Each structure stands twice: as structure tokens, then as C-alpha cells.
Amino acid sequence: MRTTFLIMRRELEAYFTSPLAYVFICIFLALAGALTFYLGGFLERGRADLGAFFVFQPWLYLFLVPALGMRLWAEERKSGSLEFLLTLPVGTAAAVVGKFLAAWIFTGVALSLTFPLWLTVNYLGNPDNGVILAGYLGSWLMAGGFLAISSCVSALTKNQVIAFVASVALCFVFMMSGLELVQGAFAGWAPAALTDVVASFSFLTNFDAIQNGVVDARNLVFFGSLIVVSLTINVALVELNKGA
Amino acid sequence: MDVLLEADRLTKRFGALTAVDDVSFQVRRGEVVGFLGPNGAGKTTTMRMIAGYLPVDAGRARLCGVDVQQQPERARAALGYLPEGAPAYGEMTPLGLLTFVAQVRGLDGNARQERLRELRAYLQLDAVWRRPIETLSKGFKRRVGLAQAILHDPDVLVLDEPTDGLDPNQKFEVRKLLQTIAPDKAILISTHILEEVEAVCDRAIIVARGRIVADGTPQALQARAIDHNVVALTVPADAAERSLEELRNVAQVASVEQQPGSNGELLLLVRPANGADVLPAVNARIREAALPALEVSRRRGRLDDVFRTLTRAA
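As you go down the protein sequences, you meet chains A and B in turn. Under numbering that gives the first Met the number 0, read the first sequence as residues 0 to 243, first letter to last. Under numbering that gives the first Met the number 0, read the second sequence as residues 0 to 313, first letter to last.
Bear in mind the hints are in silico, worked out from the structure with no lab data behind them. In this text the structure is predicted, and so the values were computed from the model without any measurement. Virtual Cβ for every residue (Gly too), placed ideally from N, Cα, C. Do not rely on the hints blindly, as some may be mistaken.
Stated by the list, open to error - Straight-line Cα separation of at most 20 angstroms, SDA-like style, residue types lysine to any residue; simulated pairs:
#1 A/Lys77 <-> B/Leu135
#2 A/Lys77 <-> B/Pro86
#3 A/Lys241 <-> B/Phe13
#4 A/Lys77 <-> B/Glu90
#5 A/Lys77 <-> A/Gly187
#6 A/Lys157 <-> B/Pro86
#7 A/Lys241 <-> B/Gly39
#8 A/Lys241 <-> B/Gln68
#9 B/Lys137 <-> A/Ser78
#10 A/Lys241 <-> B/Glu83
#11 A/Lys241 <-> B/Pro86
#12 B/Lys137 <-> B/Asp125
#13 A/Lys241 <-> B/Pro182
#14 A/Lys157 <-> B/Glu90
#15 A/Lys241 <-> B/Glu72
#16 B/Lys137 <-> A/Ser80
Said to hold, decoys possible - Per label pair, the in silico range of CB-to-CB distance:
#17 A/Ser17 <-> B/Asp304: 48 to 54 angstroms
#18 B/Arg59 <-> A/Ala33: 55 to 61 angstroms
#19 B/Asp163 <-> A/Val164: 34 to 40 angstroms
#20 B/Asp107 <-> A/Gly90: 18 to 24 angstroms
#21 B/Lys137 <-> A/Glu12: 22 to 28 angstroms
#22 B/Asp201 <-> A/Gly90: 31 to 37 angstroms
#23 A/Gly79 <-> B/Asn282: 51 to 57 angstroms
#24 A/Phe55 <-> B/Glu133: 34 to 40 angstroms
#25 B/Phe171 <-> A/Ala168: 50 to 56 angstroms
Start from the sequences and build out the full structure, keeping to the hints where you can.
The structure is reproduced here in C-alpha cells:
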């Protein structure tokens, strides 16, 4: 626990001592704003909610979260600092969880900086703030899911570009698994039960439910277990690839 | 003396290549052991297994009696390890990095402040204390690496090329540091630099192709050199013939070779049989026969030669 916390704090400090944090947050906020106002028609919609904001979150995360996650292990292995870290009295699991938590908290910081949107919508109308809170929670959980997958992929390679591209691809599959694109690949031959299971893995389906204000245990369990499973695989991959 | 570091039949394979093959040795408290070998001989791989970074394929490593594979975190608490190339988090300052290591090692409050101050003075890090490590020179990076390795005053130190890339003054400082802390620790250092072995090591282990080919004191290794106990004489060229004749007949002399010297002088190399010490006998003959020797010296043998012979032949 103690080492997990120390590693998490070190990582968070590292984000903010490099330009990474500032560039990431600026781009995230700029893109989130642009998508909400121009593509989402935030003002024209004339509705007092943040639907126009949340609907683009998965697409934003699809590219930005793997960009954050790609360096988690690939960079550490490339620079050799992994050997330094893992020969301290630190367990691999503590390192994996610590680094993941730091990145996840960081996405939380970026997400919470979109609060002017929330202020705006409250100024313009009377939104259901419970639904908005649920939306933020869902969005952060989804970021965690994307991040856990990216972290896991990052442990497979020393090359950050490969880590990024592979993470985006894998996240895309998870994101779309409820939609026709992926469902079509199963519908022809697989039993309906399997098709349903695949559909239930969908980020979009699970996120939609939460952002509409329905915080269902199933959706929380989905993101939670996705994170736990990814990080477990992540630990094994770090162990396996240490010497390579 | 108690054994603090124990490598017991360590073996590591990478695919078809056996990088480390059945390597066993021990390092006791108070000993500084040099780990030598050409590039790719398996030094770094062996050290990584001892540090618990690489899993072993066979054998075991123990630090202070604790099995590195079975209780990695407990074993590492007793270990200070400098990985090859002294990697660190480049964006951190020496202060930040050493604080992090101290926290992970469970050092808090005043004890931590005190220890960091000591290390800063000890390794002369004042000038760079608050500068990002990635902007530092190789020498400073290496010293930061050493600082993190000795921070918790561990019983066992494993240092992979601690003086690589340092200038002669810095090398001298690092060796002095090692000698100061050596008495109550077991220290294993890998190096290419043979003079370093003579300067700081009580024992040297030479590896080639993953196997140990020699393990002994630097003196014992020198004794295996081809010119160990060879007596070198300088004589005027006109006395060469007579000197050769006389010296060949000295007891236990195997052969006398002649090499051209400068200023009309010749160098005679008196090679003893079985590495015997023939200097007294040679001196006596010089006096008896009144040979005009200008200079007489006994060679101890060069570790370089031993190293080359052993690592090439194996």
C-alpha cells in the first residue's frame, strides 16, 4: 500500500514537472470544447444538460488516453528505469497499480477542468445535476477502462508508437463491440448468448447507461472488472518482459 | 567472516543461448569482489539475477541468507544495486530521486534529511542537487546512481560498472568511497578496467561465455600470467653474448630471450621454469660473472595477459 502510494505520487509529480501534463490538458480541453460546441451544437440544442459534451467523450478518449498510457511501461523499459524501480523493495503489482492510479487521477484532473461547461449549463438553465454527476463518473470510469487497456499493451513493447497504435485499435474494438460493426462479425454464426456477452463488453453501451443518469451496478462492475483484469494481465506482462 | 552474497549454480538461457551457465560464488562481509569478463560474457545477466530483476532458469541467489526468488522484497531490502548504465528517472532531480528512494526504503523524517545531506556531501552532488538528472554529465549521473545504491547502508552492494564513463579523478573518488565502506559490507562490482581490480578488489572472478574461468586474489591471478616472475635485464649490446651464455646456466631458468633496447642497449628476458622466483640466483650470477647489468627488475605479470588468455581460450 505504502509503496503503491509512493509510486503514484512520484508519477503524478513527474506528469506535472514535464510539459506532458500541460499539453495533454490543453489539447483535451480544447478538443472537448470544440466538439461540444461545434459538432454537438451545445447552445443550439436548447437543452439544459451536458449530453453534447458526454457524447464525444469516448471518441476523445480513444486517442488521448492511449497517448497517455503508451509511455507507462514502454518508456520505462526503454530508458532502463524499470530495472531501477523493480530492484527497489517494490512489488510488481504495487508498481502497476501505482502507475495506473497516477495516470487515472491525471485524467480525472483533466476531466474536472471541464467544469466551466457545467457552470454554463447551470447559468443557462436548470439541469439535473445528478445526471451530470453520473455522466462525469461514467466518463472517468470509461477513461480508466481505456487506460487499463493501454497500460497493459504498453507492457508488451519498448516502442511507444507500437503501444499507441495497438492500444487505439484494442480500445476501438472494446468501444464498438455493441455496435453493428463488431456485432456483424459474430451475428452470422455465434449463438445469441455469445453475441450478447460481446455486446455487454461495449464501452459505449455501458457509458450510455451511466451518462443518462442510470448508475446501474452492472455498468460499474463492468468498468471495475475490466480495470482489474487488465491490470492483472499487466502485472504478468511486466514480469514476463522484464529481461527482454 | 560470514557469507552475505551467495550465487548457487545460477543459470540463465535466452532461447538457444545459455547466457549464464552454472555460476557459483560467494562474497563475504568485508570483501570487494571484481566481476570481470569480456562484453557479453554474462556479467550483467548474473548481476540482474542476484538483484532479483531477472528470473533464474536454475540455481538460486541469496542475500544475507534470504532467497532472492522466494522472498524478493525482503532480499532487496538488504541490497544496494546499481544497474548497468545507472538508469534513473531523467526528469527528476537528485534530491527528488533520492527522496523517493529513501521513502520506498522506509526512511522518514529527520533520519531521511540527515542521510540525504550526508550523501550530497559524500558524493559531491551539491552543484547538481536541484537539476534534472537528464541534464547531468555522465559522471554526475553515475554518482546519483551510487548514492541511491548506498542510501540505506545495505549489507550487500552489487554495482554494475560503477566507474564506467568517469574521468580518472572521479574513478579515484569512487574507488576511495568503495574502500571506505567496504569493511562491513559484501561488494560485487563488474568492470572492464583491470587496474581497478588491483586497486580495490580482494578477489577477482573472471567469466567468459557464461562460465567462471578463474576465481582468486589479483596476486594469484597475476601468477598465472605468462611473464610472471620473468627477470628483465638491460645490458650494453657488446656484453649481450656473454650475458646470455651465463644466464642460461642459472638453476631453474627455462630460457633467455633477447629484445632490442635503445641506445645500444639490449633487453634480456630471463624466463623461469614453472614460475619460480629466480631473481636471487640471477643477481648472484651477475655478481659472480661481473655482468654489466644496467637495470634488473622482476615482472609480476599483467592481469591483462591473464584476462586475455583465459577469456579467449575458454
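Structure-based check of each hint:
1. A/Lys77 <-> B/Leu135: holds (19 angstroms)
2. A/Lys77 <-> B/Pro86: Given pair lysine 77 of chain A, proline 86 of chain B holds - Cα atoms ~10 angstroms apart, limit 20 angstroms.
3. A/Lys241 <-> B/Phe13: holds (13 angstroms)
4. A/Lys77 <-> B/Glu90: holds (15 angstroms)
5. A/Lys77 <-> A/Gly187: violated (44 angstroms)
6. A/Lys157 <-> B/Pro86: This hinted pair holds, its Cα atoms lying about 15 angstroms apart.
7. A/Lys241 <-> B/Gly39: holds (18 angstroms)
8. A/Lys241 <-> B/Gln68: Answer holds: lysine 241 of chain A to glutamine 68 of chain B is near 15 angstroms, not above 20 angstroms.
9. B/Lys137 <-> A/Ser78: Holds: lysine 137 of chain B and serine 78 of chain A sit about 15 angstroms apart, inside 20 angstroms.
10. A/Lys241 <-> B/Glu83: holds (14 angstroms)
11. A/Lys241 <-> B/Pro86: holds (15 angstroms)
12. B/Lys137 <-> B/Asp125: Holds. Lysine 137 of chain B to aspartate 125 of chain B sits at ~16 angstroms (cutoff 20 angstroms).
13. A/Lys241 <-> B/Pro182: violated (33 angstroms)
14. A/Lys157 <-> B/Glu90: holds (19 angstroms)
15. A/Lys241 <-> B/Glu72: holds (16 angstroms)
16. B/Lys137 <-> A/Ser80: At roughly 16 angstroms apart (the allowed maximum being 20 angstroms), serine 80 of chain A and lysine 137 of chain B satisfy the hint.
17. A/Ser17 <-> B/Asp304: 48 to 54 angstroms: holds (50 angstroms)
18. B/Arg59 <-> A/Ala33: 55 to 61 angstroms: At roughly 59 angstroms between Cβ atoms, alanine 33 of chain A and arginine 59 of chain B fall inside 55 to 61 angstroms, so the hint holds.
19. B/Asp163 <-> A/Val164: 34 to 40 angstroms: holds (36 angstroms)
20. B/Asp107 <-> A/Gly90: 18 to 24 angstroms: Given about 20 angstroms between the Cβ atoms, the range holds.
21. B/Lys137 <-> A/Glu12: 22 to 28 angstroms: holds (25 angstroms)
22. B/Asp201 <-> A/Gly90: 31 to 37 angstroms: holds (35 angstroms)
23. A/Gly79 <-> B/Asn282: 51 to 57 angstroms: holds (56 angstroms)
24. A/Phe55 <-> B/Glu133: 34 to 40 angstroms: holds (36 angstroms)
25. B/Phe171 <-> A/Ala168: 50 to 56 angstroms: Once the Cβ atoms are compared, 54 angstroms apart, the range 50 to 56 angstroms for alanine 168 of chain A and phenylalanine 171 of chain B holds.
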